[in-house]
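Throw the hints in and build the complete structure from the sequences for me.
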Amino acid sequence: MDMIRVVNGYKRFGKDEVLKNINLEVKKGEVVSIIGPSGSGKSTLLRCISRLEKMDDGIIEIEGVKIDNHSEGGILRRLKGNSNKNSSKVGMVFQNFNLFPHKTVLENIIEAPIIVNKMKRDEAVEIAEELLKKVNLFDKKDFYPSKISGGQKQRAAIARALAMKPDIMLLDEPTSALDPELVGEVLNVIKDLAKENLTMVIVTHEMAFAREVSDRVIFMDRGEIIEDAPPEKIFENPDNQRIRAFLSKVM
Amino acid sequence: MQYILDVTSFILKGSVITFKLYLVTAIFSVPLGALCALGKISRFRILRWFLGLYTWVFRGTPLMFQLFFTYYALPVFNIKLEPFTAAAVTYSINYAAYLTEIFRAGIESIDKGQYEAAKVLGMNYAQTMWRIILPQTIKRVIPPVSNEAISLIKDTALIAAIGMPDLLRAAKEVLVRDFTITPFFIASVLYLIITSFIVLIFRKIEKRYSVHE
Ligand SMILES: Nc1ncnc2c1ncn2[C@@H]1O[C@H](COP(=O)(O)OP(=O)(O)OP(=O)(O)O)[C@@H](O)[C@H]1O
Ligand SMILES: [Mg+2]
Chain X
1 MDMIRVVNGY
11 KRFGKDEVLK
21 NINLEVKKGE
31 VVSIIGPSGS
41 GKSTLLRCIS
51 RLEKMDDGII
61 EIEGVKIDNH
71 SEGGILRRLK
81 GNSNKNSSKV
91 GMVFQNFNLF
101 PHKTVLENII
111 EAPIIVNKMK
121 RDEAVEIAEE
131 LLKKVNLFDK
141 KDFYPSKISG
151 GQKQRAAIAR
161 ALAMKPDIML
171 LDEPTSALDP
181 ELVGEVLNVI
191 KDLAKENLTM
201 VIVTHEMAFA
211 REVSDRVIFM
221 DRGEIIEDAP
231 PEKIFENPDN
241 QRIRAFLSKV
251 M
Chain F
1 MQYILDVTSF
11 ILKGSVITFK
21 LYLVTAIFSV
31 PLGALCALGK
41 ISRFRILRWF
51 LGLYTWVFRG
61 TPLMFQLFFT
71 YYALPVFNIK
81 LEPFTAAAVT
91 YSINYAAYLT
101 EIFRAGIESI
111 DKGQYEAAKV
121 LGMNYAQTMW
131 RIILPQTIKR
141 VIPPVSNEAI
151 SLIKDTALIA
161 AIGMPDLLRA
171 AKEVLVRDFT
181 ITPFFIASVL
191 YLIITSFIVL
201 IFRKIEKRYS
211 VHE
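Heads up: the sequence lines are chains X and F, in that order. Following the UniProt record's numbering, the numbering of the first sequence begins with 1 at its first residue and continues without gaps. Following the UniProt record's numbering, the numbering of the second sequence begins with 1 at its first residue and continues without gaps.
These are calculated hints, taken from the structure and not from any lab test. If you're wondering where the values come from, they're calculated on a predicted model, not measured in any experiment. Take every hint as true, because none was put in to throw you off.
The list that follows gives simulated cross-link-like pairs (lysine-lysine, DSS-like), each with its CA atoms no further than 30 Å apart:
#1 X:147 <-> F:204
#2 F:112 <-> F:204
#3 F:112 <-> X:118
#4 X:89 <-> F:112
#5 F:139 <-> X:118
#6 X:165 <-> F:112
#7 X:147 <-> F:207
#8 X:134 <-> X:147
#9 X:141 <-> X:165
#10 X:15 <-> F:112
#11 X:165 <-> X:28
#12 X:66 <-> F:112
#13 X:28 <-> X:54
#14 F:207 <-> X:103
#15 X:147 <-> F:112
#16 F:112 <-> X:120
#17 X:103 <-> F:139
#18 X:141 <-> F:139
#19 F:112 <-> X:141
#20 X:54 <-> F:112
#21 X:147 <-> X:118
#22 X:103 <-> F:204
If you want the ones that stay clear, here's a sample from chain F, every Cβ over 12 Å from chain X, calculated:
#23 153
#24 199
#25 200
Built from N, CA and C at the ideal position, the CB exists for glycine as well.
Written out as structure tokens, the structure reads:
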């Protein structure tokens, strides 16, 4: 069974067709990177899978279960329909972290397990501290987000997502907002997750990283998936002109 | 000296109602404003429209006029209120209108990424508002709310207009009786003390909510 399956996905913003005929399968334990020029729809695709956006056409299945498309409207209205059923299976990490600024690193991580999963505080803290050690952030657990570096924020955000024990992690340019010297520490955490066979879809501009960590790389352009192939194929021997043009620009 | 103490105590006695009105208004207008703010960002069009009308009317007409309306005009419709009740109702509804707009703007100033992070963690609307959005909103609305709290002190003087005793009116009575400006001097000192006290309280609250900065 596929962890993620998208069939004939379409998404429009007004007249803009942002996703066109998207077909995608991700198997358990696979790490898939999405690359492509700015505006090609990479974020939109991840946001559809995490249900932050609704596709206009097509089907998305998470672990074989079709996700119900929510009614139109602003984020507030869509939140109302959050059933909690599907969402905890899919964790998401954002480019600009979106940590809760009024909560410490530890509080950020235990919030959802306690509030959503009704876990006992002690247990949630235990899990959170375990995760903090894993992302090498235990010494910052009582810091507020404003008091730590970007790399530390992103590692905290990853720990926060992991605390919900997701089966799938979606990462949208997790290192794009970071100073160059902080990129490595975040990529290392993600590499560790890949080794543990966590299913991941990563939008990234870090080509060397994508090549190293991915089982497959997807190249998107103007809302379409142009190529879906192993990294060696994409990076060494791309037969599509657009991929070659893109790679020669970014590498 | 004895004279100053006597006058001060007279004015303070006269201002008991002022303080009562202040407290009642604060206690009712804050939750009412918060509820109306949530209503204003809700999906119910008619509710939003109604609340828009409410804040438009109450922020767009003088408080004194609203007070006259409740006290002198409502009896025409056979609704007769005690002076204090009339004042408390008017002030609460009036201040709630201002607070509604302050809270709404505060909520809307919170980054959309906060809602998205909450959503992908599986939180529902109530959990997101209560745990994530409103705590951040409180910190942002403290400065404008503290301005309202100070305005309210000054606005309490308006209740003299419907014949109720208050701090300023007590001072005026002494002035007229003794023909000295000492009572006005005392009144202004009292106003300033109360204002400073309120500013101080809000500073404390602000500090508590800015630990994470
Ligand atoms: N909420 C929205 N409303 C209208 N248009 C949108 C919205 N979100 C995205 N778009 C448009 O959809 C297109 C795809 O955007 P998307 O963010 O998915 O691109 P991307 O591949 O992630 O780009 P980048 O590499 O810059 O992050 C863009 O043209 C963008 O302007
Ligand atoms: Mg993007």
